[in-house]
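Asks: In case it helps, mature numbering (1 follows the signal peptide of the UniProt record, and there is no 0) puts the sequence shown at residues -19 to -1, 1 to 166.
Simulated from the structure, these hints should not be mistaken for lab results. Treat the hints with caution; some may be incorrect.
The calculated label-pair distances, taken between Cβ atoms and stated as ranges, are [as the list claims (entries may be wrong)]:
1) S122 / T53: 18 to 24 angstroms
2) T132 / T69: 17 to 23 angstroms
3) L123 / D93: 26 to 32 angstroms
4) G118 / D93: 22 to 28 angstroms
5) A134 / D28: 35 to 41 angstroms
6) T132 / T152: 15 to 21 angstroms
7) T113 / T69: 30 to 36 angstroms
8) N40 / A82: 27 to 33 angstroms
9) D93 / A145: 26 to 32 angstroms
Even for Gly, the Cβ is constructed at its ideal location relative to N, Cα and C.
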Amino acid sequence: MSALKLALLATALPFLVLGAQKRATSETFQLYAYGEGIGGPTLFYADGYAYVGDPNLSNSTDAAAVIFSTGTDRTWLGSPNTTNTTHTPSWSNVTMFVPAAGSSDMRVGFLDSGNSSDSTHITTGFSFYGNTAILIGTDGSLETMWTALETGAGVYALYWNETASGQVPVTLRRVAPSSPASRRR
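Using the sequences provided together with the hints, build the complete structure.
Replies: This is the structure:
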């Protein structure tokens, strides 16, 4: 190999190695709901349950948008985003759950850090398929059974695999809507 070729290879090698590295994922994220008539409102916490919409329209004094981080076993840990809220949330470090099959309450919610999971709550296996929030089942299946029920003007309660009361299917994504006005509904 000529000295020129060797010099070019030595110069290019760091760029080749750096280019092959896995892209880093962000440490924190928020979730936004999309569905028929629902254009990307933020997921928020209120009284232990998950909602989408404007937290300022909630009657709960604890309502705030959730900033998530990923914990062990693919748990999603939530803390309040108090940037644009009129409430003063008293919660932090909560673990998101979906109800297990056979649960009587199919609402999506949050467990306090002191509470452990039980047979009625699934707290592990959350991930993303691209930017879409999924649950990886114990058999390796990818599940996206999010539904939402309007509870008031622009506020929706988040459910898992439940449509009996008029819930509509939604997709949860970590991509905010391109137009802030579209988040309102």
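Asks: Please go over all the hints and tell whether each is borne out by the structure.
Replies: Hints, one by one, checked against the model:
1. S122 / T53: 18 to 24 angstroms: At 21 angstroms between Cβs, range holds.
2. T132 / T69: 17 to 23 angstroms: With Cβ atoms ~22 angstroms apart, the hint holds.
3. L123 / D93: 26 to 32 angstroms: At 28 angstroms between Cβs, range holds.
4. G118 / D93: 22 to 28 angstroms: Once the Cβ atoms are compared, 25 angstroms apart, the range 22 to 28 angstroms for D93 and G118 holds.
5. A134 / D28: 35 to 41 angstroms: 19 angstroms, violated
6. T132 / T152: 15 to 21 angstroms: For T152 against T132, whose Cβ atoms are near 19 angstroms apart, the range 15 to 21 angstroms holds.
7. T113 / T69: 30 to 36 angstroms: 32 angstroms, holds
8. N40 / A82: 27 to 33 angstroms: About 31 angstroms separates the Cβ atoms of N40 and A82, which means 27 to 33 angstroms holds.
9. D93 / A145: 26 to 32 angstroms: 28 angstroms, holds
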